[in-house]
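Asker: What follows is each chain in one-letter form.
Number of protein chains: 2
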Amino acid sequence: MQLLMLIVLFASVLGVSYAVFNFFTVKKMKEGNERMQEIASAIRIGANAFIRYEYKLVAIIGLATAVVIGLVIAWEAGIAFVIGATMSATAGLVGMKIATYANVRVANVADQTRSTGKTLKVAFRGGSVMGLCVAGFALFGIFAVYMLFGVWEGMLDLSTGVLPTKVNPITGQSYNLSLILSGYALGCSVIAMFNRVGGGIYTKAADMGADLVGKTEAHIPEDDPRNPATIADNVGDNVGDVAGLGADLLESYVGAIMSSAILAIEIFSHTGGFNSPELLTRMVLFPMLFCGIGLIACVIGAFTLLIKRRISENPHRELNLVTWISAGITVAAGFGLSWLLFDGQDATQLKEAGFALGKLSPWVAASIGIVAGIVIGIISEYYTNYDYKPTKRIAEASKEGSALTITQGMATGMISCMLPVVVLGAALYASFEIGGMYGVGCGAMGMLSFVAATVSVDTYGPISDNAGGIAEMSGLDEDVRAITDTLDSVGNTTAAIGKGFAIGSAALATVSMMSSYLYAFSDLETLLLNIISKEVLVGALLGAALPYLFSGMLINAVAKAARNMVSEVRRQFRENPEILTGDKKPDYKTCIEISSQGALKEMTLPAVISIAFPVVCGFIFGAEFVGGILIGATLSAIMLAIYTGNAGGAWDNAKKYIEKGALEGEGKGSAAHEAAVVGDTVGDPLKDTVGPSLDILIKIMSTVSLVCVVVFSKYNLMSLL
Amino acid sequence: MQLLMLIVLFASVLGVSYAVFNFFTVKKMKEGNERMQEIASAIRIGANAFIRYEYKLVAIIGLATAVVIGLVIAWEAGIAFVIGATMSATAGLVGMKIATYANVRVANVADQTRSTGKTLKVAFRGGSVMGLCVAGFALFGIFAVYMLFGVWEGMLDLSTGVLPTKVNPITGQSYNLSLILSGYALGCSVIAMFNRVGGGIYTKAADMGADLVGKTEAHIPEDDPRNPATIADNVGDNVGDVAGLGADLLESYVGAIMSSAILAIEIFSHTGGFNSPELLTRMVLFPMLFCGIGLIACVIGAFTLLIKRRISENPHRELNLVTWISAGITVAAGFGLSWLLFDGQDATQLKEAGFALGKLSPWVAASIGIVAGIVIGIISEYYTNYDYKPTKRIAEASKEGSALTITQGMATGMISCMLPVVVLGAALYASFEIGGMYGVGCGAMGMLSFVAATVSVDTYGPISDNAGGIAEMSGLDEDVRAITDTLDSVGNTTAAIGKGFAIGSAALATVSMMSSYLYAFSDLETLLLNIISKEVLVGALLGAALPYLFSGMLINAVAKAARNMVSEVRRQFRENPEILTGDKKPDYKTCIEISSQGALKEMTLPAVISIAFPVVCGFIFGAEFVGGILIGATLSAIMLAIYTGNAGGAWDNAKKYIEKGALEGEGKGSAAHEAAVVGDTVGDPLKDTVGPSLDILIKIMSTVSLVCVVVFSKYNLMSLL
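Chains as they are written, first to last, in my numbering: chain W, 1 to 721; chain G, 1 to 721.
A few of these clues could be false.
Which copy is meant is left open, because identical chains are indistinguishable; a pair holds if it fits in one copy or across any two.
To be verified - List time: in silico DSBU-like cross-link candidates among lysine-lysine, alpha-carbon distance up to 30 Å:
| id | residue 1 | residue 2 |
| --- | --- | --- |
| 1 | K28 | K392 |
| 2 | K668 | K392 |
| 3 | K560 | K656 |
| 4 | K392 | K601 |
| 5 | K589 | K359 |
| 6 | K714 | K121 |
| 7 | K389 | K560 |
| 8 | K601 | K389 |
| 9 | K656 | K389 |
| 10 | K560 | K589 |
| 11 | K584 | K668 |
| 12 | K601 | K660 |
| 13 | K668 | K560 |
| 14 | K714 | K30 |
| 15 | K118 | K308 |
Simulated from the structure, these hints should not be mistaken for lab results.
Okay, chain W solo, but in the shape it has when bound (with noise of 0.2 Å):
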C-alpha cells in the first residue's frame, strides 16, 4: 500500500523536471534591444531586492514558530513546520524569478513574430514553470514528511490495530502523525501568509500611487516611463501576482490534501479504530494520490500546448483545453484510483462517524468539488465581466460621477455574495452527506487537484502584463502591446475560474480542519460544538470581527505606502519638470524603496495577529472560544472574500468597458473614465491584496489552532479559575 507514494513522488519529479526544462528553455530565449534588457533587468534587480528582504524577515520568524512548534507541540511537527515553510517559499521564488526572465522575452517574441500564438507559447511557458512547482515541491514535501514520519518513525503503522502515538516530554500531551501533518500545513500557510501580504502591500501601493498621480493628475498613460512609480509598479506584479500567489496556492493545496488525511486520522483514533486499520491508510493515502495524479495530468495538458508547432490565433481555446484536458484526466484517472482503493473495503465501522464510505464516494466528493469551483467560478464572472448588466451598470454609474461608481459596485459585490454562497453551500452539504466531514475535505482537495494547470494560466497573466509594461516603456510598436494586453485580458478571464477553487476550497478546507480540531479535544465519537453556549457565541462574535480587523489593516497599510508614494512622485514631479516631458529619466529607486519598505513595515502586524489571535485566546478562554472564532471567522472572512473579490473585479472591467469605448459618448479621458478609474483604485487593494488573504486567514487560524489545541485545551486561564 505505501508503495504507492512512489506515485506522488514520481508526480512531483516529473512536475519538477518539466518546469526546469521550460525555464531554461525561456532562459535561452532572446531578450530584445537594450532598452529592454535595461528595464528588465531594473523590475528582476527590484523584485530580487524585495523578496531577499522579505525572506529574511519570514526566516526569522518561521524558524522561531518552528523552534516553539518542535517544543512545545512535537519536534515532528517543528520539522514538518520547516520542510513545509521550504516548499512554500520555493516555489514562490522560482516563480518569480522566471516570471522576471519570461517578462521581457514574450515581449521580444510579440515584437519579432507580431503572432498572438506564439506569444502565447512563452508567456504560457513561464507560468508553466510556476504553476509545475508550486504542485511539483508542495506534493515532494507531503512525499518527504509521510515517509519520514508515517513510515520510517512508524507513525502510520497499523500492524497493532492501533495508531502509535508519542508523547511530548515538556508538556506531558501525547500526539499522533495528524499532528505532524497540520506542522507541514501550517508551514505552507505562515509563508503564503506573508508572501501574500507583503506582496499584496508592495503591489498594490506601486499600482494606486502610480495611478492617482499618473492617470488621474499627469494624464499620462499606464507604464509610461516618465512615470516614477513604474518600474516599482512592474516590480509589484512580479512579488505579489507571481510570488504571492504561488505561495498562496501552494498553500490552499496542501490544506486541501491535508485535512482529508488528518481528519482521516481524527475519525480512526475517536471511533475506536477501524475494522480494517488499512483503510485508515487507504484514506489518508487517496487526497495525495488524488493529486499526484493530478500533477501527472497536469504535465501532460501543458505538454500538449507547448509541444504544438502550429498554435491557433484564440488564445481562450488554447489554455481552455489545457485546463479541460488536465481536468479531465484527473477526474477520469481519479475515479479508478478510488475504485482500487476503496473496493471491498469494510466500512461499517465509519458508520460511527456518521457516514459510509462506498469505493466511489471519495471520487464523488471530490467530483462535487470540482463542478462547485467552476460554478463558483462562472458566477463570479456573471459578475464582473463587462459583456455583463452588473458591470455594465457601474460604468453607466460612472456618468454620474464617482460616488455613484463606488456605490454601485459595492452593491454589486454585496450581493454577488449569494450566488456563490448556495453553490458553496450545496457542495458542501452533498458531500457531507456523501462522505461526512472526510468527503467535504475530498471536495476541497479536488478543487484544487489540477492546481498545476489553473496556476500556470493564473501566472501567465500577469508575465503578459509585464510584456506590456515593458514593451510601452522602451517604445516598441502599438501592435506589440495589442497582443499582450489581449493575453493579459484572456488570463483574466480563465482566473476567475481559478479564483472560484480558491475561495470554494479555502471554505470546505476550514471546515474538515474544523472538525479535526472539535475531535481533537473532545472525547465525542460525534462533531459538536454549541453554537448558542456563551463561550462558543462569544468567539464567534470575536471570530467575525477578526477578518474586518484584517482587511481594515490591510487596507490601511495599502493606503498609507500608496500615499507616501504619490508624495514622492508628485515631488519629482514639482523638483525636475524635465521629466514630464521626457527630457529627463526620474528616480525609480525611490520609489521601488518606498514601496518595498512599505510592504516589510506593514505586513507583520497583520499576519502575526492571523497566526497569534486564535491561539492566545485559546490559552485563555480555552478550546470552545476557539472553535467559536473559528466558525466566526470562517463564515465572515468567506463573505467579505467575495465581496471585495468581485467588487474589485466588477471596478476594474467598468473602467476597461469605458476604455474600450462600449459606454455611449463616453471614452478615454472622459469624466466617466475617471469616475471608473476611482472605483478600479478603490478596488485594486480589496481584490488584490485584501480578498486572496483573507483565504488564507481562515486555513491560517484553523491550522494553528489545530496544531495548538492539545496544548490549550489542557492549559487555559479559564480552567484554572
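Chain G: place on chain W using the hints.
Answerer: Frame of chain W, contents of chain G only:
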C-alpha cells in the same frame, strides 16, 4: 402581582399625555414669515403624501401577514400582530407630524430670539413628542396584549402550576402566551422594516441626488432654493430620519422587552415548571415594569429641561442632563423593582436552565447592558468624530484624491468592528453568567429602558437640521443657520450613544430570541445548536450571505433613485437656465415624486425577503437549518452594521472637518473637499439606510422564525423525504 401592570398603563398614559401637551404647545407657536410658511407647508405636504402611500402599501402587506398568522399560527398572535403594527405605525406618524410642524417654528424662534438655548427648547420639545410616543405607544400595546390574553383569556393563569396552552384548529399545534407576545413584537418589526427601508431610500435618494448635482456640479451650497431636489431632501429628513427612526426604535424597544419575557415562558415550559409558578409571572413582568419605570423617568427628565425658565447656552450639557437624569432614575428605581420582585423567590429550579436568579441578578444584567451600550457609543464616537485620529486621517487622505478618501474610510470602518464586538461579547458573557439567556435579554432591555430620552435627542437633530434648511431656503440671516447648525451637530454627537444602544440591544435581543427559538422546537432542557452539523452549517453560510444581499439591494435602490434624481435636476438646469440665476423657481414637485416613487417601488422586495427567507427555508429544510440561518445572519449583520455605520459617520465628519478649515491649506471648495464630498456621498446610504435596517433585519428574522417554528419544525420538505 398582575396589578403591578397598572404601572405600565400609568407610564404609557403619562408619556403619551405629556407628548400630546408638547405637541400642541409647539403647534401653537408662530410659523414665521410667508416664505417660511410656504416652504414648511411644501415639506409637510410632501411628507404626508409619502407616508399616506407608504402606509397604504404597508397596511395591505401587514393585514395579509396578520391573517396568515391568525390562521396558521394562532388567532391571538394575529391580533397581537395588528396591535403591534398599529402602535409602531402611529408612533412613526405622530413623530413625523410634529417634526414637520416643529421645523419651521424652530427656525422662527432662532430668528426672533437669536438664542441657542431658547431654540434648543423648541427643538427638544418637538423631539420629545416622538420620544415619549415611541415608549408610550409601545408600552400601551404591551399592556393591552398582556391584559387581553395573559389575564383576560387566562394564558398566564398559573394557579394549576402549569402554563395554559391552546391548540390551533388548522395545524393541530399547541401554543402558549409566548407565541402571542412574539406576534406583537413581529407586528412592530414589520412596520419598522418598511418605515426604515422606505424612508431610508427616500431620504438618501434625495440627499445624494441633491448633493451630486448641487454641490459637485453646480457648486451651490446645501439647501439652496435653486436646487430642485432640496425640498425632497428636507421631506426625506422627516420620513427617513424621524418616522423611520421612531418605528425602528419602537421595534427595538419592544423586541428587547419581549425577548426576555418570551424566554422566561419558554424556560418555564421546558424545565417542567418552577417550584413557585409565580416566579414566572415575575420574570415576565420584570422587563415590562422596568421599562415602565424608565418611561416615567424620561418624563421627569424631559420635564426638567422644558420647565426651565432660563436655559443655558450650552445645548450639549442640557441634553446630556436629560439623558443622565432619565437613566439615573431608571437604574435606581430598577434596583428597587428587582429587589421587590425577586427577593425570597425560590430559583433553584432555574438551575436546570443553567443559571440561578438572585434578587438583583436581572437588575445587574440590565445595568451591564446599559454600560455596554454607553461604551460602544463612545467607541463609535472615537472612530467617527473629527476630534480623533481615524477621521482626521480620512481628511488627510482626501488631499490625495477621492479614491484614497474611500479607501481610508473603508479601512477605518472595518477596523472599528473589533472593539465594539469585544465589549458586546463581554456584556453577553457577563449577563449570561448572571442570568443565563434571560439575563442576556435583560441586558438588551436595559439598554433601551430609557429609550424615550434617547429618541427625543435623536429626533431633535433632524428637526434642527430641517429648521436650518428652511432658514437657508427662505433667506433668513446667517446667524439663524449658525444656531440650527450648532444644535444639529450637538444632536449628532449625542446620537452616537443612541446608535450604540441600538446595535448592542439588537445583538443581545436576537441572541435571546434565538434561544427561545431553540426551546420552541427541541425537547432538550439545555439549549443546543450544533454548528458543525451539515444543516446548521449550511444554514449559517446562507444566513451570513443574507445581510450582504439585503444591503446590496438597499444600496442599489438608493443609487437607482438617486440617479433618476440627478437626471431630473440636470434636466431642469438645462431646460431652464434661469433657475440657477435665481430668476425662476425650480420644479420641486417632480423631485419629490421621484424620491417617493423610487422608495415605494424599491422597498418591498428587501423587506419581504427579510421576512420570507427564514420562513421559506424553514418549510424546505426544517428548524435546525433556520437556526443556522439566524446565527449566520446575526454574526454577519452585526459586523456590517458597525462597519457601514462607522465608515459612513467618519466620511461625513471628515468632510465637516475640512469644511471648518481644520485641514491645513484646504477648505470648502478645495480639491480635498471635493474628494471628501465623494466620501460623504458614498457613506450616506451606508450609514442611514443600510446600517439601521440591518438591526431590524436580524430581529425580524428571529421573531418571524420564532412565530413559525412550531409549524415548520413539523411540516417541512426534508422531513417528508
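Asker: Check K601 against K660 for me: Cα-Cα at most 30 Å, and say if that holds within a copy, between copies, both or neither.
Answerer: Answer is neither; intra-copy 38 Å and inter-copy 34 Å both fail.
Asker: Can you give me the call for K118 and K308, within, between, both or neither, at a CA distance of at most 30 Å?
Answerer: within (10 Å within a copy, 87 Å between copies)
Asker: Is it within, between, both or neither when you check K389 against K560 at 30 Å Cα-Cα?
Answerer: Between copies, since 14 Å is at most 30 Å while 34 Å is not.
Asker: Within a copy, between copies, both or neither: which one fits K601 and K389 at a CA-CA cutoff of 30 Å?
Answerer: between (41 Å within a copy, 20 Å between copies)
Asker: If the cutoff is 30 Å on CA atoms, where do K714 and K121 land: within, between, both or neither? Let me know, please.
Answerer: neither (56 Å within a copy, 61 Å between copies)
Asker: Is it within a copy, between copies, both, or neither that the alpha carbon of K560 lies no farther than 30 Å from that of K656?
Answerer: Both, since 26 Å and 22 Å are each at most 30 Å.
Asker: Under a CA distance limit of 30 Å, which applies to K560 and K589: within one copy, between copies, both, or neither?
Answerer: within (19 Å within a copy, 46 Å between copies)
Asker: Evaluate K589 and K359 at a C-alpha cut-off of 30 Å and name the case that applies: within, between, both or neither.
Answerer: neither (60 Å within a copy, 71 Å between copies)
Asker: State whether the alpha carbon distance between K668 and K392 is at most 30 Å within one copy, between copies, both, or neither.
Answerer: Within one copy only: 16 Å inside, 34 Å across.
Asker: Please sort K28 with K392 into within, between, both or neither, judging by C-alpha distance up to 30 Å.
Answerer: neither (44 Å within a copy, 54 Å between copies)
Asker: For the identical chains here, do K584 and K668 meet the 30 Å Cα criterion within one copy, between copies, both, or neither?
Answerer: within (27 Å within a copy, 37 Å between copies)
Asker: I want to check one pair: K668 and K560. Are their C-alpha atoms no more than 30 Å apart within a copy, between two copies, both, or neither?
Answerer: Cα proximity of K668 and K560: in one copy and across copies (28 Å, 25 Å).
Of the hints listed earlier, those the structure fails to meet are numbers 1, 5, 6, 12, 14, in rising order.
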